[in-house]
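Novice: Chains A and B supply the protein sequences, listed in that same order.
For the first sequence, this note's numbering assigns the number 190 to the last residue and increments by one with no breaks.
For the second sequence, this note's numbering assigns the number 115 to the last residue and increments by one with no breaks.
Since the hints were derived computationally from the structure, they do not count as laboratory data.
Small disclaimer: the values here were computed from a predicted structure and weren't measured.
By construction, the Cβ of each residue, glycine as well, lies at the ideal position given by its N, Cα and C atoms.
Check before you lean on any hint, since a few could be wrong.
To be verified - Partner residues are not named here, just some residues of chain A that face chain B (Cβ under 10 Å, in silico):
id	residue
1	Pro76
2	Trp77
3	Ser108
4	Leu109
5	Gly110
6	His116
7	Val117
8	Thr126
9	Ala155
10	Val158
11	Ala159
To be verified - Away from chain B, derived, C-beta distances all over 10 Å, residues of chain A:
id	residue
12	Leu22
13	Ala65
14	Lys102
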Amino acid sequence: MEITARALWTLIHGMGFGALYLLAFSGSLVELYRFTTSSASGEPTPGQERFFKFYLLAMVVLAWAAVLTGAYVIYPWYRAAAPPGTTDLSMFPQRLLMSRPKTIGWHSLGMEWKEHVAWFAPISITMVAFVLIRYGRDLKNHRHLRAAVLSFAMASFVAAGIAGFCGAMINKYAPVQGGSTIQLSRGEEQ
Amino acid sequence: MTPTDRDASPNAPALTNGSGAAAMLAAGIGSFALAVLACAGDKVAAVKNSLIFYKPTGPLSGVTTTAILIWIGIWGILEWRWRNRSVGMGRISVIALALLGLSLVLTFPPVVDLF
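Could you put the whole structure together from the sequences, leaning on the hints where they help?
Specialist: Here it is, written out as structure tokens:
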């Protein structure tokens, strides 16, 4: 069992940062709602409040790590130009997608949208985390601000979801490959 | 502090809403700047070439770096001006959310192709 260095980076980007961010979001949405509603029941303790702020900061780090590794590590491999006359396009994912009518949409729509929409996730969640840390429980007393914070958090989730879906589908049809091979296990002889 | 904010809760807010409004409006403007730059880079060759800050990543590097600088810059200015003030939060949140919504639409390739 082995994996290439580029595939490992893609895994770190997509599963390590992106998917973990999406997973973390479900928990944060519940906490955000609880944290920002006016109801006195379920008032968070100072310890819970501190934990939630760290949780949001971790989400900010995950979101930025996902877009930065995507743009500066994976994307250059994805968009690499194939030398003239290349017939095997497996090392050039963008060219591979564009070479077939059935897959060209995964580049022209999927990647073209993903590469930009993904950045709304870290921008929005950074704003959400800043406001939560700055205002804490006082956010309950700012009706418009808390509604906007919830909306930006939802937008962050939608943006990350679009990017994650497109990324997974693109990698299914034209996986990023190459680089050194990492041996994970030797397997058993039959 | 706006009357609506005060009416929202029996407790008076301890902090003014200026800082939150600054963060929110800056995020909306930063997102919109990213969408406009992406659209411009897609349509105008000269803009596309000027946005190549890091060749392997292509124009995406310039689009995102410029948008982040705009976002952080505007956030800093608004934070400095509004930190201790109360502002019309309802209007600002509508503008910020409209900018964010427009940004999501403007980055959708079939919409970009309309220009």
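Novice: Hint by hint, say whether it matches the structure.
Specialist: Structure-based check of each hint:
Given hint, Pro76/A at the interface with chain B, holds; its Cβ is 3 Å from that chain's nearest Cβ, closer than 10 Å. The closest approach between the C-beta of Trp77/A and any C-beta of chain B is roughly 9 Å, which is under the 10 Å cut-off, so the hint is satisfied. Annotation: interface hint on Ser108/A holds; nearest CB of chain B at approximately 6 Å, less than 10 Å. Interface hint status for Leu109/A: upheld, as the beta-carbon distance to the closest one in chain B is roughly 5 Å, under 10 Å.
Because the beta carbon of Gly110/A sits about 9 Å from the nearest beta carbon in chain B, less than 10 Å, this interface hint is met. For the restraint placing His116/A at the interface with chain B, the shortest Cβ-Cβ distance is roughly 4 Å, inside the 10 Å limit, so the hint holds. Of the supplied interface hints, the one on Val117/A holds, with its beta-carbon coming within about 5 Å of a beta-carbon of chain B, less than 10 Å. A cut of 10 Å between beta carbons decides the hint on Thr126/A: the least distance to chain B is about 7 Å, and the hint holds.
For Ala155/A, the suggested interface contact is upheld, since its CB lies about 5 Å from the closest CB of chain B, less than 10 Å. The closest approach between the C-beta of Val158/A and any C-beta of chain B is roughly 7 Å, which is under the 10 Å cut-off, so the hint is satisfied. About 7 Å separates the beta-carbon of Ala159/A from the nearest beta-carbon of chain B, less than 10 Å, and the hint is met. No Cβ of chain B approaches the Cβ of Leu22/A within 10 Å, the least distance being about 17 Å, so the stated non-interface status holds.
Residue-level check passed: Ala65/A sits 14 Å from the nearest beta carbon of chain B, beyond 10 Å. At the 10 Å boundary, the C-beta of Lys102/A stays outside the reach of chain B, the nearest C-beta of that chain being 18 Å off.
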